[in-house]
Structures are given as C-alpha cells and as structure tokens.
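Novice: Chains A and B supply the protein sequences, listed in that same order.
This note's numbering puts the first residue of the first sequence at 1276, with every later residue one more than the last.
This note's numbering puts the first residue of the second sequence at 1118, with every later residue one more than the last.
The set of hints was computed from the structure by calculation and includes no laboratory data.
Heads up, the beta-carbon is just placed ideally off N, CA and C, and yes, glycines get one too.
With a Cα cut of at most 27 Å, we get these calculated DSS-like pairs of lysine-lysine:
hint : chain 1 : residue 1 : chain 2 : residue 2
1    : B       : Lys1159   : A       : Lys1333
2    : A       : Lys1344   : A       : Lys1333
3    : B       : Lys1159   : A       : Lys1336
4    : B       : Lys1159   : B       : Lys1195
5    : A       : Lys1324   : A       : Lys1344
6    : B       : Lys1174   : B       : Lys1200
7    : B       : Lys1159   : A       : Lys1344
8    : A       : Lys1346   : A       : Lys1324
9    : A       : Lys1346   : B       : Lys1159
10   : A       : Lys1324   : B       : Lys1159
11   : A       : Lys1336   : A       : Lys1346
12   : B       : Lys1174   : A       : Lys1324
13   : A       : Lys1336   : A       : Lys1324
14   : B       : Lys1200   : B       : Lys1159
15   : B       : Lys1195   : B       : Lys1174
16   : A       : Lys1346   : A       : Lys1333
17   : B       : Lys1159   : B       : Lys1174
Across the chosen pairs, the derived CB separations fall in these ranges:
hint : chain 1 : residue 1 : chain 2 : residue 2 : range
18   : B       : Ser1190   : A       : Phe1326   : 27 to 35 Å
19   : A       : Glu1295   : B       : Glu1135   : 40 to 48 Å
20   : B       : Gln1134   : A       : Gln1320   : 28 to 36 Å
21   : A       : Ser1327   : B       : Glu1176   : 25 to 33 Å
22   : A       : Ser1280   : B       : Asn1145   : 33 to 41 Å
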Amino acid sequence: AQSVSQHNHHVILSEAASLELGCNYSYGGTVNLFWYVQYPGQHLQLLLKYFSGDPLVKGIKGFEAEFIKSKFSFNLRKPSVQWSDTAEYFCAVNAGDSSYKLIFGSGTRLLVRP
Amino acid sequence: EPEVTQTPSHQVTQMGQEVILRCVPISNHLYFYWYRQILGQKVEFLVSFYNNEISEKSEIFDDQFSVERPDGSNFTLKIRSTKLEDSAMYFCASGGNQPQHFGDGTRLSIL
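If we strip away everything but chain B, and leave its shape as in the complex, we get (with noise of 0.2 Å):
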C-alpha cells in the first residue's frame, strides 16, 4: 500500500534557526495537509494545500510558516524562525479526497 513519507525523523535545531520539514505525498492524492501535535496534547490541524495553494489554514500557522510544492513529489513545510514553542510532532498527510493518510511525522526539537 502507498505511504506517506517524511524526513528527518527526527530534527534538532537551535531557536531562531530556519528549519525545513520534507514530506513526499501518495502520488495521485491532490490534497495535502500539515499537523503538529505538542507532547501530551492532541493533533492540531496547521494548513491545507490544494491546486497548488493554500486551500486552509489554522491560527497556529501564521507568518513563520510557509508550505511548498517545490515539484511534483514533495510537500514541505517551513518554519522560518522557530521559537521553543515550536518544538512537536509534525505529521504531512495526504488523501485524494478524503480519508487522510498520515506520514510517521518529525519530531522538531527547538534548543
């Protein structure tokens, strides 16, 4: 069965650093997604990507953030400069329609 996947699985990164998550969606899905979930807390929808824009997008994703389909496989997710309240779990997901299929996710650690 085709999969999600992401890398890193895991990224360090110093507060303030630029950091840029990869994702390669199932290749004949057209609508793809970011998530984050904090340690304890539950999955947080960030943003929504279809036709090749921003189709959604949630507070939490706000001018650090940006998302790009910088070709025809890969979904990335950037955060410009990340802060230590960046540092959860990102999950890429990706679903024709719907239901979703979720990657392993990133865990971004913010020193």
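Next comes chain A alone, as it looks inside the complex (with noise of 0.2 Å):
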C-alpha cells in the first residue's frame, strides 16, 4: 500500500531563515505528487505538483520542490520564509490510479516568528 512520511511535525523559524521540509514516500511505480498548504482556518491550497519531466518544480509563494526518485523524496523548500508562510504543511500522493486519490502525509506544522 501506499504511503507518505514527513518526518517533520512542528518546524518553528525565524523569519528570512531558509526552510526544508521532507517528505518520502512508498510506492514502487510512476507517482504524482503534491504538496498542500492549509493557512488557519482555511482549507487546503495545492502549492505545487509533479507529473513529469523537470524534477524541481517552482510553486506558488516561492516554494519549490524536487523529486529525488531513487531516495522516494520530494523534499519542500523556501529560501527565506516570511511570517504569513505560518501554516500547516502536507505532502501528497496518488499514483495514477483511477480514483487519483490521494494520500497524504501527516502534516508538518510551521511556525514563522517575526
């Protein structure tokens, strides 16, 4: 079965400090993958995806990922994170099936202190 770990929980940063958040997965054959944003109170934005081609994807708000897919990795980045970047993380998988659920990782909770 399929799986996500993002080893990550709670991550508290300074602001201007860069941020990396991992994520692996498990599941042997061609994925797609995600990563989400939750803001307080509000529901989940797509960041950014990977289908194919280039493996470091640019996202909204600066981010940026990259599939790594000998180490089942697709680590979330920012160079300098800014206070409204205060959210609740989540890295997301499905793989091609018909139903393209998806399955998520546990979430990492970041906090920017100003």
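Two chains, two frames, a set of hints: combine them into the complex.
Specialist: Here it is, written out as structure tokens:
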C-alpha cells in the first residue's frame, strides 16, 4: 500500500530563515506528487505538483520541491520564509490509479517568528 | 477562481443520528472525493465518485456511509448512524483530472 512520511511534525523558524520539509513516499511505480498548504482557518490549497519532466518544480509563493526518484523523496523548500508562511504543510501522493485519490502525509506545522 | 463549497461549516449531532454533509464541487470537474481528518491525525481518503458511481472507497467507508450526487451540482456524504469516532473534519474535493481542489471542510462533532 502507498504511504507518505513527513519527518518533521513541528518546525519553528525565524523570518528570512531557509526552509526544507521532508517527504518520503513508498510506492514502486509512477507517482504524482503534491504539496498542499493549510493556513489557519482555511482550506487546503495546492502549493505545487510534480507529474513528470523536470524534477525541480516551482510553486506559488516562492516554494519549490525536488523529486528524487532514487530516494522516493519530494522535499519542499523555500530560501527565505516569511511570517505569513505560518501554516500546516501536507505532502500527498497518488499513484495514477483510476480514482486519482490522494494519500497524505501527517503534515508539518510551521511557525515563523517575526 | 472557482471554489469547492461545503455546508455546514460545523455540525453537532447526537450519537446514533443521521447526518448529511453537503458539497458543491467545481462545475466542470468530473471526479469528486470525500476525505476526513480526525483531530491530530492525517487527512484520510474516504471515497471517490465518478460518472455517478463510486470509483473507489477506503476501509473506513463502511455501510454506515453513502454518497450521492442528487442533482447536477451537489455532492453529499451521509452517515447513517453516527458514532463518537466519526467526529472529524470532513473535506470535499473535486478534480477535472488532477490536482484536486478542496473545500473549507465541515467539522463534525458527535456527542
């Protein structure tokens, strides 16, 4: 069965610090990978996605993620975080099956201190 | 940008009662989903719906759960006889193919 692991449950950073959130998945076939963000009181929003092609994908708000197939990883990065990045971040995978269902990681709560 | 809308935002129900959670997916999307998130846990897939039928369901989606698209716009999740452990945030999502767009969720509290 597919699974997704996010290693950091809580991350606290100061503004302008660099961010990297880990995500590993278990599935041997072709996968589509996503990062979603949930700001306090809001719905899940897509940050970025990887389907194929360049393994370094850029998303909204200065976020990027790198797909490393050999490591089954899809880590999220941002060079310089802002207070407004305080949110919960979810990595998700689907294996391209007929339902396109998403399997989520447990999420990482990011707190950015001003 | 079109949005997925869910009602109500919060539902409080006595154990054993039926509850219906409502969703209006994005109009030109073809795939519809329900997910849930128990407090402190990860978001879990419940069911997917395509072409007016369930395309996949998880182990969580037992006989107490059902989904329906009663008209061209609404997509509902019914829990027939709620249990305490059904207390969670329920998210509706829709996707033309992928990726999925999510609603704000319905917080279901079972007393």
